[in-house]
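K.L.:
Spelled out from the first residue to the last, the chains are:
Protein chains: 2
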Amino acid sequence: MSYETLAASLRSAMERQDHDAIRLLLSELPTADIAEFVRTEQPATSLQLLNYLPIDARADVFGYLEPSEQLEIAKDLDDLRLGQLLARMNADEGADLFNLLHPARQDAILRGMAKEEREELRRLASYAEGTAGAIMTSDYVVVPADLTAREALDQIRLTAPDAETIYQIYVLDEQQRIAGTLSLRELILAPPHSRIEALMTHEVVSASVDTPQEEVAKLIARYDILALPITNGGDRLVGIVTYDDAMDVAEAEATEDMHKGATIGKLEGGLRSASLLTLYRKRVGWLVLLAFANIFSGAGIAYFEDTISAYIVLVFFFPLLMGSGGNAGAQAATLMVRGLAVGDVRFRDWGWLLGKELLVAGALGLTMGLAIASLGWLRGGPDIALVVALSMLVIVMIGSLIGMSLPFLLNRLNLDPATASAPLVTTIADASGVLVYFGIATAILGLPSPS
Amino acid sequence: MSYETLAASLRSAMERQDHDAIRLLLSELPTADIAEFVRTEQPATSLQLLNYLPIDARADVFGYLEPSEQLEIAKDLDDLRLGQLLARMNADEGADLFNLLHPARQDAILRGMAKEEREELRRLASYAEGTAGAIMTSDYVVVPADLTAREALDQIRLTAPDAETIYQIYVLDEQQRIAGTLSLRELILAPPHSRIEALMTHEVVSASVDTPQEEVAKLIARYDILALPITNGGDRLVGIVTYDDAMDVAEAEATEDMHKGATIGKLEGGLRSASLLTLYRKRVGWLVLLAFANIFSGAGIAYFEDTISAYIVLVFFFPLLMGSGGNAGAQAATLMVRGLAVGDVRFRDWGWLLGKELLVAGALGLTMGLAIASLGWLRGGPDIALVVALSMLVIVMIGSLIGMSLPFLLNRLNLDPATASAPLVTTIADASGVLVYFGIATAILGLPSPS
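These protein sequences, in sequence, are chains A and B.
Residue numbering for the first sequence follows the working numbering, beginning at 1 and increasing consecutively.
Residue numbering for the second sequence follows the working numbering, beginning at 1 and increasing consecutively.
Some hints here could point you the wrong way.
Which copy? The list can't say, so a pair holds if one copy fits it or any two copies do.
Derived lysine-lysine pairs resembling BS3-like cross-links, with alpha carbons at most 25 Å apart [as the list claims (entries may be wrong)]: (1) K75 / K282; (2) K218 / K282; (3) K282 / K266; (4) K75 / K218; (5) K266 / K115; (6) K356 / K266; (7) K115 / K356; (8) K356 / K282; (9) K282 / K115.
Simulated from the structure, these hints should not be mistaken for laboratory data.
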């Protein structure tokens with residue numbers, strides 16, 4: 001049955017107050033779909049529905065909601081019930097929600113918690129945004145190295161209900177350092193009497209609590225692992241990041257890079273939920289900056305005023321030439337920025353990539369130069385044709401080189417290469433394009449140099 | 001130990017031909033790192049190294065390589081050994097590599113295979129690129145509904161070595177339709193004598209072989225599942241897509257959208273491995289198209305030649321105004337395109353998003369209009385200040401509306417909304433901006449309308 005059908009049945013069962021039907025439907029709906037239902041119904045209905053779920057299922061559903069949606073529901077829960085929910089949520093998600101609460105409410109909730117829960121929540125909530133610590137969970141499975149496979153499986157049966165994943169299992173030494181790891185698959189396939197010590201892999205890929213989240217996501221993707229162990233900077237295991245969180249990070253990272261590529265600041269929660277003021281603030285900065293940067297182009301034009309007055313036909317080709325340089329540059333910058341982000345190219349490749357780009361941009365510039373030459377001939381004769389064709393070649397090549405080099409330059413300055421946005425590249429390419437175009441025009445058309 | 005250290009030891013062991021050291025190091029290195037080593041060494045060394053690995057491990061390493069790298073090594077293998085490798089690789093990856101081989105070589109390899117292997121390979125190789133069929137594997141785990149948990153676990157122990165994942169288990173009815181699913185976690189935690197029938201979830205999220213890969217990736221992310229079952233269009237289970245393939249699809253999809261956003265065509269394998277001709281062909285199309293579209297802006301300028309001649313100061317503000325409209329439009333388009341791609345906004349939201357955008361763009365336009373007014377006053381007096389401020393407001397709003405609407409319009413025309421690239425939006429915004437700017441100038445400065 002589709003989600004829509006099940007959701008309609010659930011809605012009708014809730015109207016009829018048919019408790020059995022509601023419980024049956026809830027047991028059949030995937031958690032993500034229950035969350036979708038909670039998200040789209042009225043707050044009162046959502047709250048009522050959540051009450052039908054056992055506390056663990058309720059915590060799972062809560063984990064699927066956006067932080068803003070969680071806060072909305074949290075408002076209607078008393079401190080004790082919210083505290084129970086926080087304690088049962090995946091530890092990383094619980095800590096995120098906790099961080100969003102008012103300090104007074106945080107205190108009230110902490111007071112209602114058992115000491116161990118309280119310290120755990122405090123610890124996880126303390127990691128800086130964007131680090132591995134902020135998305136890791138402390139609910140992982142550990143087994144001693146000297147157990148047999150069967151004994152380990154029995155132990156996991158006892159401890160697993162609270163773990164976020166049981167598919168990757170860790171072995172610690174006396175100092176709580178990671179001594180090895182094995183997957184549940186390996187454990188199950190192993191002869192029941194073999195020792196964990198003999199089954200585990202000793203070389204364990206790990207990250208520390210300070211590692212940026214995108215690095216964590218890259219490691220998980222590179223090694224195709226279900227969970228990455230996180231250490232406290234030393235070798236001590238303090239948490240794991242699971243693949244589903246890595247997928248979310250990778251998606252958020254791509255979104256941020258795309259937004260940056262169009263000069264939009266980091267937007268929490270997406271376009272839909274962003275307020276007018278947020279959208280304004282995330283967009284206005286670069287717009288104003290680039291507008292003023294465009295003054296250079298304007299000044300370039302003003303400098304060549306005499307050339308323009310003498311050959312007003314040159315202005316006709318202005319948008320076409322400027323646009324092409326910017327577009328070619330935006331292509332080159334986007335190729336570089338994305339290549340760097342996914343690890344396809346590296347900073348040390350810049351030299352030969354620039355050489356390659358020169359050849360490609362040369363070919364592009366020649367094609368476009370030839371295309372525009374005929375138009376130049378038609379509107380202004382052979383001299384104008386030569387001016388626009390030559391300008392096109394040079395402008396496209398300069399634009400491409402700017403686009404290719406800017407990400408590297410930004411990295412050298414310890415800035416994010418993704419800041420090499422299409423609009424920024426276009427603006428820089430435009431300013432140099434004005435000089436090239438009117439410079440070439442002045443030279444070829446035999447005009448006196450501007451005074 | 002870091003990858004670099006281990007790789008250096010491996011290199012030195014290979015130079016010394018120290019078989020034991022090589023085998024030991026290979027047993028400690030994660031598969032992804034062995035693949036990295038194979039990728040970066042000379043072909044002869046790579047081939048030699050692969051020979052040290054048992055066939056299954058060799059197939060795993062092969063699966064981590066790019067198709068072009070696989071082909072390079074495949075050249076040096078005879079048909080029989082390549083066939084063995086194909087049969088042991090993950091079914092989806094083997095089929096991909098098979099599809100890249102020369103038809104004569106495909107035939108030779110198929111002849112050397114057992115009938116079942118041959119049919120399996122043929123079937124998987126036949127699905128269209130970009131569909132779920134092309135990335136699914138047929139190595140999944142199925143158990144009968146009437147087994148107990150313990151019996152099922154024993155059966156999985158027997159069948160698992162070949163399965164791509166054993167963490168999601170499927171139950172089929174007599175017609176091979178999916179009757180239910182359960183995770184290995186649920187199976188392990190269940191009382192040993194409980195029946196699979198009672199443990200499994202009946203509502204199973206699935207897709208068909210024709211489902212686009214990005215839909216599959218979205219389902220896997222939405223439901224946080226390790227594998228999505230794939231049906232043959234009816235209800236019959238024919239394969240599964242695992243989460244790691246979904247991560248790869250999501251990354252490739254984001255790359256494609258980013259490239260599209262800068263008018264670059266779909267690039268297989270990234271910037272690094274792309275040939276000069278490929279790069280040229282993927283970039284030249286839109287560049288030429290947009291250059292000619294810019295003729296409209298040029299024609300607009302030519303139309304207002306008299307206005308420009310009378311007030312040459314207007315040209316100074318030209319790049320600034322045009323650039324701002326295009327930049328605001330690129331922001332709006334990028335927000336929309338990415339919002340649609342990640343499912344944050346939907347096509348039916350267009351109405352209220354447009355209203356929201358009107359308000360944001362109005363605020364942006366006002367800010368920028370005020371900023372530019374002072375500059376206008378300085379360079380041309382109060383009239384010019386009014387012209388440029390008013391033009392800025394209108395141009396930014398028009399640019400934003402174009403950026404917000406174009407993705408929807410493209411979708412209506414059954415085109416990919418990601419085609420609403422920054423350069424396309426900028427070009428359209430430029431043409432309308434010329435009319436707005438010089439139109440307002442003509443009106444306010446009291447010039448006669450252009451003839």
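K.L.:
All hints are to be evaluated individually against the structure, with a verdict given for each.
P.N.:
Here is what the structure says about each hint:
no.	hint	verdict
1	K75 / K282	neither (28 Å within a copy, 52 Å between copies)
2	K218 / K282	neither (27 Å within a copy, 27 Å between copies)
3	K282 / K266	within (7 Å within a copy, 30 Å between copies)
4	K75 / K218	neither (37 Å within a copy, 31 Å between copies)
5	K266 / K115	neither (37 Å within a copy, 55 Å between copies)
6	K356 / K266	between (32 Å within a copy, 19 Å between copies)
7	K115 / K356	neither (61 Å within a copy, 47 Å between copies)
8	K356 / K282	between (35 Å within a copy, 15 Å between copies)
9	K282 / K115	neither (41 Å within a copy, 60 Å between copies)
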